[in-house]
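K.L.:
Hey, can you work out the whole structure from these sequences and the hints?
One-letter residues, chain by chain:
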Amino acid sequence: MAILVDENTRLLVQGITGREGGFHTRRMLASKTQVVAGVTPGKGGQEFEGVPVFNTIHDAVEETGANTSVIFVPAPFAADAIFESLDNGLETVCCITEGVPVHDMMRVANYPRLQNATLIGPNCPGMLSPGKSNVSIMPQDIFKPGRVGVVSRSGTLTYQIVNELTQRGIGQSTAVGIGGDPIIGTDFIEILKKFEDDPETECVVMIGEIGGNAEQRAAEYWQSEMETPVVAYIAGFTAPEGKTMGHAGAIVSGGESTAEAKSQALQKAGIRAATNPTEVAELVAEALK
Amino acid sequence: MDLYEHQGKELLRGFGIETLPGVVAATPEEAKRAADTFGGTVAIKAQVLTGGRGKAGGIKVVKSPDEAEDAARQVLGMDIRGHTVRKLLVEAGAAIASEMYLSITVDREAKKPLILFSTEGGVDIEEVAATKPESIVRMHLDPLVGLLPYQTRQITFAAGLEGDAAKGVGRTLTNLYKGFEGLDASLVEINPLVLTEEGQVLALDAKVTVDNSSLYRHQDIAELRDVEAADPQEERAQEVGLQYVKLDGDVGILGNGAGLVMSTLDVVAQAGGDPANFCDVGGGADAEKISTALDIVTSNEKVKSVFFNIFGGITRGDEVARGLLSAIERTNIELPIVVRLDGTNAEEGRSILAENTPPNVKTEETMLGAAQRAVELAREGGR
Numbered sequence: 001m002a003i004l005v006d007e008n009t010r011l012l013v014q015g016i017t018g019r020e021g022g023f024h025t026r027r028m029l030a031s032k033t034q035v036v037a038g039v040t041p042g043k044g045g046q047e048f049e050g051v052p053v054f055n056t057i058h059d060a061v062e063e064t065g066a067n068t069s070v071i072f073v074p075a076p077f078a079a080d081a082i083f084e085s086l087d088n089g090l091e092t093v094c095c096i097t098e099g100v101p102v103h104d105m106m107r108v109a110n111y112p113r114l115q116n117a118t119l120i121g122p123n124c125p126g127m128l129s130p131g132k133s134n135v136s137i138m139p140q141d142i143f144k145p146g147r148v149g150v151v152s153r154s155g156t157l158t159y160q161i162v163n164e165l166t167q168r169g170i171g172q173s174t175a176v177g178i179g180g181d182p183i184i185g186t187d188f189i190e191i192l193k194k195f196e197d198d199p200e201t202e203c204v205v206m207i208g209e210i211g212g213n214a215e216q217r218a219a220e221y222w223q224s225e226m227e228t229p230v231v232a233y234i235a236g237f238t239a240p241e242g243k244t245m246g247h248a249g250a251i252v253s254g255g256e257s258t259a260e261a262k263s264q265a266l267q268k269a270g271i272r273a274a275t276n277p278t279e280v281a282e283l284v285a286e287a288l289k
Numbered sequence: 001m002d003l004y005e006h007q008g009k010e011l012l013r014g015f016g017i018e019t020l021p022g023v024v025a026a027t028p029e030e031a032k033r034a035a036d037t038f039g040g041t042v043a044i045k046a047q048v049l050t051g052g053r054g055k056a057g058g059i060k061v062v063k064s065p066d067e068a069e070d071a072a073r074q075v076l077g078m079d080i081r082g083h084t085v086r087k088l089l090v091e092a093g094a095a096i097a098s099e100m101y102l103s104i105t106v107d108r109e110a111k112k113p114l115i116l117f118s119t120e121g122g123v124d125i126e127e128v129a130a131t132k133p134e135s136i137v138r139m140h141l142d143p144l145v146g147l148l149p150y151q152t153r154q155i156t157f158a159a160g161l162e163g164d165a166a167k168g169v170g171r172t173l174t175n176l177y178k179g180f181e182g183l184d185a186s187l188v189e190i191n192p193l194v195l196t197e198e199g200q201v202l203a204l205d206a207k208v209t210v211d212n213s214s215l216y217r218h219q220d221i222a223e224l225r226d227v228e229a230a231d232p233q234e235e236r237a238q239e240v241g242l243q244y245v246k247l248d249g250d251v252g253i254l255g256n257g258a259g260l261v262m263s264t265l266d267v268v269a270q271a272g273g274d275p276a277n278f279c280d281v282g283g284g285a286d287a288e289k290i291s292t293a294l295d296i297v298t299s300n301e302k303v304k305s306v307f308f309n310i311f312g313g314i315t316r317g318d319e320v321a322r323g324l325l326s327a328i329e330r331t332n333i334e335l336p337i338v339v340r341l342d343g344t345n346a347e348e349g350r351s352i353l354a355e356n357t358p359p360n361v362k363t364e365e366t367m368l369g370a371a372q373r374a375v376e377l378a379r380e381g382g383r
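Read top to bottom, the protein sequences are chains A and B. By the count of this note's numbering, the first sequence reaches residue 289 at its end, each step adding exactly one. By the count of this note's numbering, the second sequence reaches residue 383 at its end, each step adding exactly one.
Every clue listed holds true.
Taking CB as the label site, the calculated pair distances span:
#	chain 1	residue 1	chain 2	residue 2	range
1	A	P41	B	Y216	17 to 23 angstroms
2	A	T56	B	D286	31 to 37 angstroms
3	B	P133	A	L288	41 to 47 angstroms
4	B	T331	A	K32	39 to 45 angstroms
These aren't lab readings, by the way, just hints derived from the structure by calculation. Treat the numbers as computed from the prediction; the structure is a model and nothing was measured. Backbone N, C-alpha and C fix where the C-beta goes; we use that ideal spot for every residue, glycine too.
P.N.:
As structure tokens, this is what we get:
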């Protein structure tokens, strides 16, 4: 097993004929993901790398039975793309796009139909279950099938840590980038719950950063609800207050949003927290013993 | 994007928020003229993008145009928490009966707008939360529905307001929510919101933060950005689309990906060093972009060594190494640059670097090793 994406994923790419959408569709096809449809308004009837392109998600779902979508459309149109996916019954929707306005995301996050689906992102690298399905922009070569789940607010930091795991011979069940924005579809807790319920996942790596209090809530959740060990890493101890550190959501605004506060909450809950990316792999190796 | 008080007030007036008449002044003479126009008591207020200006002496209440000129002379040029005062807001006086607090923020956890109202205004809301938490009324809104009239009533009644005050605050709240939505704000805060002796409800201060991601649909607000107040390196980075934040240390830092760069800063600090900046050059191996980033990082005179931390992902390590070499050739940086290359094709990348690099470029295999090296080089004095 894995979480969110696996052999049964039938993927639809929103913005398949765009530069980013096209580039990553080729990569996802190369890693044997079942890409069943693409959507680009006005280009219905065409094909992209053998994948049929539709004008609307409505048509694409009807014709192909897609159950998951990945969004590469530009930020001004991203919320609309998410609504279109939700309204057409897709179970898992992943928005890669960076720079989606916060107010757009608040509307999406409160949309009643979201309750029947899982939205990952925006501003995220996607989801990848090694050897099963790749719905992401992550470099698949550094992954290896295995038993460690990875959930993260950051892209390259995830790659760094996954690479260290793989080099130690430790494989991954699924890696999920939940996104670096202030408002995201799915927080750590929901992903931790899925990993807890996944019999194949024996340890989870959680990669957090400054901004918000999602790490604290995850720590409380782990303490009361989880058996699976979690190894955590938090970035941004040196971040100054009030400055956005690359990710729109990575900003220290007092109290709970600091790396220090998050790290303390993790330790208080009994979660092993690494001080650098290399130590994460060491702690995972210990946890798996 | 944070706005100055006078900018925030002007935008909020467009949504029906009432304020006192005010004029922006950049010289003591302008402040004097404004005070003369208003007559009587006026407030001279430093315009800075930081809090705590009152405590720092950035707000003066004066009784005559001459006093206004003196006060303006004192406040202009003042440094408030690292921000130089270059403009003042000269505002007419008012007879204040009571001070309140009103804000709307984006609650990340609830994923909803959050209204905070308190009859205790004029002090930090954190302080009120600590000393008089019962005076704060909170309410989450459904952004798909907006602020409903009953919710406004619920807030004002819960706060114990009556008569004109209740109506005035209710109206202000309704308008402020329109402003919050209309401006794509992540924060609108009025502290204090005052009730005058004549029964008017006025915004005496305004703090507005607009979501950067929404600026494409608010060209007018984007143009309000104060280019002069920005740090020169941060300004240049903004122009070329690089994520750069200046810090106080002497180890310049670049990397690909926000999380990895944040982690790099932390590792440098753990190795006993002081990061000089955050700089995310993004994915890819575009030599032009890398050389611009290197140039920005090293144009900060404090920088004594540079740590370039790269994880080769979809853009492979060998491509990144070639891009980096060509970038270094374009600049004439003599400072020591420690490059740590990991990820796909990292070995190929490292050997390309080893064979071709100028003497000031050192390669390291691990992040910790590279951090150590960069810190040592900065201590040795770099240039």
